[in-house]
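For this one, chain A is given, so just place chain B on it according to the hints.
Here the protein sequences line up with chains A and B, keeping their order.
If you count by the working numbering, then the first sequence holds residues 1 to 336, one letter each, in order.
If you count by the working numbering, then the second sequence holds residues 1 to 251, one letter each, in order.
The set of hints was computed from the structure by calculation and includes no laboratory data.
Any given hint might turn out to be false.
Claimed, not checked - Distance windows between CB atoms, simulated:
#1 113(B) <-> 25(A): 42 to 52 Å
#2 146(A) <-> 177(B): 50 to 60 Å
#3 183(B) <-> 319(A): 28 to 38 Å
#4 49(A) <-> 113(B): 33 to 43 Å
As the list claims (entries may be wrong) - Quick partial rundown of chain B residues pointing at chain A, CB under 10 Å, derived from the structure:
#5 76
#6 78
#7 93
#8 115
#9 142
We treat Cβ as the ideally placed atom computed from N, Cα and C, and that holds for glycine.
Now for the letters of each chain:
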Amino acid sequence: MSAVPPATSPSTLPAALEAARRHRLRAWEALPWVAALGAYFAFPAQLAFGTLVLVTILFALSLDLVLGYAGIVTLGHAAFFGAGAYTVGMLAAHAGWTEPLSGLAAAAAVAGLLGLGSGWVLLRTQGLTLLMLTLSTMALLEQAANMFASWTGGFDGMPGLEFKPILGLFGFDVLYFRSQYLYALAVLFLGFVVLRTVAYSSFGRSLTGIRENLLRMHAVGAPVRARQRAAYAISAAIAGVAGAVFVQTTGYLNLGVLSLDRSAGVLIILILGGYGRLYGAFVGALAYMLLEHSLSKAYPTAWQLGLGLLLMAVALYARNGILGLAAAWRRKWAAR
Amino acid sequence: MIPALLETRALSRSFGALEVARGIDFRLEAGARHALIGPNGAGKTTFVNLLSGALAPSHGRVLLGGEDVTRLALARRVKRGIVRTFQINQLFRGLTVLENVSIAVAERLGAGGDALRPAGRRADVTAEAVRLVESMRLAGDAGRPVAELPYGRQRLVEIAIALGLAPRVLLLDEPAAGIPGAEHHILLDAIAALPREIAVLIIEHDMDLVFRFAGRITVMVGGAIFAEGAPAEIAANAEVRDVYLGAAADA
Numbered sequence: 001m002s003a004v005p006p007a008t009s010p011s012t013l014p015a016a017l018e019a020a021r022r023h024r025l026r027a028w029e030a031l032p033w034v035a036a037l038g039a040y041f042a043f044p045a046q047l048a049f050g051t052l053v054l055v056t057i058l059f060a061l062s063l064d065l066v067l068g069y070a071g072i073v074t075l076g077h078a079a080f081f082g083a084g085a086y087t088v089g090m091l092a093a094h095a096g097w098t099e100p101l102s103g104l105a106a107a108a109a110v111a112g113l114l115g116l117g118s119g120w121v122l123l124r125t126q127g128l129t130l131l132m133l134t135l136s137t138m139a140l141l142e143q144a145a146n147m148f149a150s151w152t153g154g155f156d157g158m159p160g161l162e163f164k165p166i167l168g169l170f171g172f173d174v175l176y177f178r179s180q181y182l183y184a185l186a187v188l189f190l191g192f193v194v195l196r197t198v199a200y201s202s203f204g205r206s207l208t209g210i211r212e213n214l215l216r217m218h219a220v221g222a223p224v225r226a227r228q229r230a231a232y233a234i235s236a237a238i239a240g241v242a243g244a245v246f247v248q249t250t251g252y253l254n255l256g257v258l259s260l261d262r263s264a265g266v267l268i269i270l271i272l273g274g275y276g277r278l279y280g281a282f283v284g285a286l287a288y289m290l291l292e293h294s295l296s297k298a299y300p301t302a303w304q305l306g307l308g309l310l311l312m313a314v315a316l317y318a319r320n321g322i323l324g325l326a327a328a329w330r331r332k333w334a335a336r
Numbered sequence: 001m002i003p004a005l006l007e008t009r010a011l012s013r014s015f016g017a018l019e020v021a022r023g024i025d026f027r028l029e030a031g032a033r034h035a036l037i038g039p040n041g042a043g044k045t046t047f048v049n050l051l052s053g054a055l056a057p058s059h060g061r062v063l064l065g066g067e068d069v070t071r072l073a074l075a076r077r078v079k080r081g082i083v084r085t086f087q088i089n090q091l092f093r094g095l096t097v098l099e100n101v102s103i104a105v106a107e108r109l110g111a112g113g114d115a116l117r118p119a120g121r122r123a124d125v126t127a128e129a130v131r132l133v134e135s136m137r138l139a140g141d142a143g144r145p146v147a148e149l150p151y152g153r154q155r156l157v158e159i160a161i162a163l164g165l166a167p168r169v170l171l172l173d174e175p176a177a178g179i180p181g182a183e184h185h186i187l188l189d190a191i192a193a194l195p196r197e198i199a200v201l202i203i204e205h206d207m208d209l210v211f212r213f214a215g216r217i218t219v220m221v222g223g224a225i226f227a228e229g230a231p232a233e234i235a236a237n238a239e240v241r242d243v244y245l246g247a248a249a250d251a
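This is chain A alone, in the form it adopts within the complex (with noise of 0.2 Å):
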């Protein structure tokens, strides 16, 4: 009997290769936290708009897992980051639970909790009627929000909420938002963590293969309904890490934290930096905000007009956000 020749090893093959090593940190993804950094010395005075930016990146990494990996589209995303930013407005309000840390502890486990439900029933349709699904789930949370006005202050809301300060040392600062902006780069960093970790594993695959082609999902054995909901779950869960970071650090919330304004917002932002590809949610929030705030002071009235335009030329000719569109001249160029 003739030896069976070896197999040929999987680090011969350069794609094996690569597979191997996709997770691996690269030199630029240090990028982003330097440079956000670098803007609590440059913009002292700007740190309440750059805590902002910090907690609407959170919320759009969260959206990202769901919709630029697992494919659900959604227009209820808000429902998590309200029902977060509630969790920590009403338990400070009511309860006098002001510890930041485990105020973040029970935004995402409410949330987290709303996504398991909620998932359970709305993820057995896709396509429009999921996207009207999602979208009543959250309009019904803004009524329950707007109706139960003792709990929650209903329309007004709950301004002058006080948080006790982080680790009982860096009290929350209403004048200049220094600690508040660390705060918020501190969690975004650790949920971007979580998310990147998530999304390189095998489940993370396993939801990109449920993105692009579903029925082939099924037919690999895979439990596809488990892994969408445990999937919307996660996100849930850092959405209302993002709520409640919102309300912990401006020390107010009403019922935008609910509104279509906000869920459709944040789709808005993953599209204008391109989903599914993590640091979207970095350039989009950044892109949109900047532009919001630079716009609005320019043309007070008109302003939307300007990123409206800006989105249509996005959907024309970026598809694949500011992002793609680097990545597609990134491959023109190295092809010349």
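Below, chain B without anything else, positioned relative to chain A:
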């Protein structure tokens, strides 16, 4: 009677008044190399959909090793070893060839639910996927997105995915369609290299391939089994020639 590896009893499916499968009693033995032929619209793909669980029957039962799997959905039957390919490629078009196969292997090895470990660290998954990609002569394309490949090569990815699921029963729906004749041997070699006890059912229009491959042939017409037998019997069957082989010769 010894239960066949895969068996159907009075399997029927209708869409409204249209009966696409009519009381099919069918046995696929372990180790079988079985071909399913018939004119277009005979219900061959429907039958594979019923076997694989992509479609639920209106009546009748599907048994795997004597066990009733009629109520199990597609994904659950894959876990039991009923694996199929599709007549039209069902691939992850934006992902590379290696990623396509890796996803299938990861699911079989139970890695798909692991949300912590990087996919690239599952060396067992990658090694198995590489082996399959190489056996399909796709090594040169392993890093390319599937959508960039010619259709025939994509077809081989479809087969590699199925093999990566370690089937007990392999249902191939026109696997050679779109693969250039000169590359048919890649497909046949791959099937020949399968463990002998795997049962293979192939739907194919290429009669040359059918007669080279099959140890047994079933002819379907109008949603029902019309004839079944060894290749020589089928080739000699005048009625089969009339309804099918004759029609094919005229075409």
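Checked hints:
The beta-carbon spacing between residue 113(B) and residue 25(A), approximately 24 Å, falls outside the hinted interval of 42 to 52 Å. For the pair residue 146(A) and residue 177(B), the supplied restraint of 50 to 60 Å holds, since their beta-carbon distance comes to about 58 Å. A beta carbon spacing of about 34 Å between residue 183(B) and residue 319(A) agrees with the range 28 to 38 Å that was offered as a hint. Take residue 49(A) and residue 113(B): their Cβ atoms lie about 40 Å apart, and the range 33 to 43 Å holds.
Satisfaction of the interface hint for residue 76(B) is found here, the shortest Cβ-Cβ separation to chain A being roughly 8 Å, below the 10 Å cut-off. Hint status for residue 78(B) relative to chain A: holds, with the closest Cβ pair at about 3 Å, below 10 Å. Of the supplied interface hints, the one on residue 93(B) holds, with its beta-carbon coming within about 6 Å of a beta-carbon of chain A, less than 10 Å. Checking residue 115(B) against chain A: minimum C-beta separation of about 4 Å stays under 10 Å; hint holds.
Interface restraint check for residue 142(B): the shortest CB-CB distance to chain A comes to about 4 Å, inside 10 Å, so the restraint holds.
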